[in-house]
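Kindly generate the complete structure, drawing on both the sequences and the hints.
Protein chains in written order, with our numbering: chain A, 1 to 378; chain B, 1001 to 1252.
In short, the hints are calculated from the structure, not lab data. The C-beta atom is built at its ideal place from N, Cα and C for all residues, glycine as well. Be aware that a few hints might be false.
[To be verified] With the Cβ distance kept under 8 angstroms, some of the chain A side facing chain B (calculated, not the full set):
#1 Lys301
#2 Arg305
#3 Gly309
#4 Val311
#5 Lys338
[What the hints assert, rightly or not] Below, a list of computed lysine to any residue pairs in the SDA-like style, where the Cα atoms sit at most 25 angstroms apart:
#6 Lys60/A with Lys1090/B
#7 Lys1214/B with Glu1237/B
#8 Lys1035/B with Met1077/B
#9 Lys1155/B with Lys351/A
#10 Lys351/A with Leu1139/B
#11 Lys1035/B with Ile16/A
#12 Lys1090/B with Glu254/A
#13 Lys1058/B with Gly72/A
#14 Lys1222/B with Arg302/A
#15 Lys1192/B with Gly330/A
#16 Lys1035/B with Gly330/A
#17 Lys1035/B with Arg1024/B
#18 Lys1222/B with Ile1195/B
#19 Lys1058/B with Pro1018/B
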Amino acid sequence: MAIDYGAPHEKELETIDVNVNVGPQHPATHGVFRMVLTVDGEQVVDLDPVIGYLHRGAEKLSENCDYRQGIGYQDRTEYLGQFNAELCYVLAVEKLAGIQSPERAEYIRVILTELNRVTSHHMFMGAFGSDVGLFGTSFMYSFRDREMVLDLFEEVTGERMMYAYFRPGGVAWDVPDDFRERCRDVLTVVRRGIDDIDGLMTENEVVVARCRGLSPLTPEDAINWGITGPMLRATGLKHDLRRAEPYSIYDRFEFDIPTGTQGDVYDRYLVRLEEMRQSVRIAEQALEQMPDGPIMAEGLKRTLRLPEGEVYMRNETPRGEYGIYLVSNGADRPYRLKIRSPAFSNLSALKAMCVGTYVADTIINLGSIDIVLCEVDR
Amino acid sequence: MTQEPSQETTVTGPAPGPMADLFRQVLPGVQMTAKQTAIDVAITVRREDLPRVMQAVKEDQRLAFDFLRSLSGVDHMDELEVVYHLYSYKLGHSAAIKVRCPPDDPHLPSVSHLWQTANWHEREAAEMFGFVFDGHPDLRPLLTEEGLGYYSLRKTHPLAEIEEWQEDYVTAAEAGEPPGERARKKEMARRKAAIIKEVREEARARGLAAEEEKEAVQAAIKAFQEQEEALAKKAREEARAKGPAAEEKGGE
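Shown next, in the form of structure tokens:
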């Protein structure tokens, strides 16, 4: 007996969207980050980022410790740009207390902060290269130099990661006697290393093919999403807080603000690469000008009591505008301390950037934000 | 891209006058108070004016605040406050806008339709302070996915006491006895606080100046501490009389 199977193609194949869970424990999410993708074939139609796995209540904790103890929490919040975060915190305290730190301390801070920006971008270069498909090579090149800089940081602060070296009114102790020579050596190595990374990645066929034209952002969109830092400059907007609202002694140095043209992933990489060179430039100038003298403002009490008031201090960290909103009621600890984290705002635009792209590109998109999850979750 | 931030803007920002005047010009008839903070000018507006104010500061070309830098909640005990820090890439100036609401009615209009970035910032403020942002598209908790059941950044949620309480609970459960030393210290702190309060109120009732009040409080604290020390010393001596083992236990 013949069976009637119906005419071929009479029934259309049904397609459904599939949910794909990425993370929280996933090597490509740069920390403990989870996203739920809804995919139509290979294309992302929806994305729901889930954050908060590293929420430690850094703001609440900072409200419960005095102004010197709070410095440590800044390291743990921005664990790739520790000096940058510390700088913002101590500047906020100094601004409110009306403390002026001595010249030498300011120069030490700038040198370390800029070197720190370089190490943070080293991390980006390594991780981003891995995301794109260079596997370990980019990590090898960037971490070779990063170690050199971290050794220098260790000599200065005694720590490789959680420095807690800046203080309201100066720095904790003076740098070692051979700091200048060591710093010059390190800067020479770093400068050469940046060229190596440049040679490895910039014209690499895989990098260009995967990143050029991926998820371009317009300046208007970027501003509306609150995107700051290299990602904003990649869209072509020439804005750097070191220039626009100079803090510390950044008005004394010559440096260029690199910008992109299309705001795509490739531009974000190029901007960061150029920023490393500019940071080395600033550090070299600061090293040249660094005077001798005291490293701590005089007449400061052991326990600082800030006058009543508030300040929103912001500075340019490797990821963008880092802000400390500090409210004081006259006590020896903040009444309220809000951390405006750049990666938090940048990450909120991930959905807008990823929808319409392929699943594999989501990872590159995420990598191009250069998130630090501790800073996102706080 | 033609927007170039002005090179002249410094971190000290404009004096309170010009920025506040600009606000008054753009928003005539809106009740507001201006205050110079360490860097920015802070403008406090009423809750019912907020949608109008926010719309205007973003779209009016004299202010043109196209960037919402930060949105912070602050708990002032009797009132909750939200602070919007704004920046204009076009004009290179910044300001803060504040709005207050009572803690038992924490409804505020959402600004996420003006600045996309407000979406996550408002979600965070909502879960940490208990704000309700009307008109927000998706007000789920952000950092604590399942929610905490309390608003952790409010001042009614003190950090130290809860930790202490937990520690007490654990040690007491382990030892099978009521918490000793820590409870004693807590009790002492409570008594001290009561004495300070009493002396202060008395001083205020007598109309003393602030300096004299401070002195009176410090004298009372000193007397209290001396009394406590004398008691502790007596306890130690008694313990010593009983024997060395008991002293060790009692001293700790």
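Checked hints:
For the restraint placing Lys301/A at the interface with chain B, the shortest Cβ-Cβ distance is roughly 17 angstroms, beyond the 8 angstroms limit, so the hint is violated. The restraint placing Arg305/A at the interface with chain B is violated, with a minimum CB-CB distance near 14 angstroms, outside the 8 angstroms limit. Nearest Cβ of chain B to the Cβ of Gly309/A: about 6 angstroms, under the 8 angstroms cut. The hint holds. Interface hint at Val311/A: satisfied, since its Cβ lies 4 angstroms from the closest Cβ of chain B, which is below the 8 angstroms cut-off.
Using the Cβ-Cβ criterion of 8 angstroms, the hint placing Lys338/A at the interface with chain B is satisfied: the shortest such distance is roughly 4 angstroms. Distance check on the hinted pair: Lys60/A and Lys1090/B sit about 35 angstroms apart at the alpha-carbon level, beyond 25 angstroms; violated. About 35 angstroms separates the Cα atoms of Lys1214/B and Glu1237/B, which puts this hinted pair outside 25 angstroms; it is violated. Pair hint Lys1035/B plus Met1077/B holds up; C-alpha atoms about 21 angstroms apart against a cutoff of 25 angstroms.
Simply put, Lys1155/B and Lys351/A have alpha-carbon atoms about 34 angstroms apart, too far for the 25 angstroms limit, and the pair is violated. Of the supplied pair hints, the one linking Lys351/A and Leu1139/B holds, its CA atoms being roughly 17 angstroms apart against a limit of 25 angstroms. Between Lys1035/B and Ile16/A the CA atoms are separated by roughly 56 angstroms; this puts the pair beyond 25 angstroms, and the hint is violated. As the CA atoms of Lys1090/B and Glu254/A are separated by approximately 23 angstroms, the hinted pair is consistent with the 25 angstroms bound.
A threshold of 25 angstroms between alpha carbons decides the hint, and for Lys1058/B with Gly72/A the separation of about 37 angstroms lies outside it, so the pair is violated. Of the pairs offered as hints, the one joining Lys1222/B and Arg302/A holds, with about 22 angstroms between alpha carbons and a cut-off of 25 angstroms not exceeded. This hinted pair checks out: Lys1192/B and Gly330/A have alpha carbons roughly 22 angstroms apart, not beyond 25 angstroms. Restraint check: the Cα-Cα separation between Lys1035/B and Gly330/A comes to about 18 angstroms, which is no more than 25 angstroms; the hinted pair holds.
For the proposed pair Lys1035/B and Arg1024/B, the alpha carbon gap of about 13 angstroms is at most 25 angstroms, so the pair holds. The suggested pairing of Lys1222/B with Ile1195/B holds, with an alpha-carbon distance near 11 angstroms, which does not exceed 25 angstroms. For the hint linking Lys1058/B to Pro1018/B, the alpha-carbon distance of about 18 angstroms falls within 25 angstroms, and the restraint holds.
Checked against the numbered hints above, the structure breaks hints 1, 2, 6, 7, 9, 11 and 13 and satisfies the rest.
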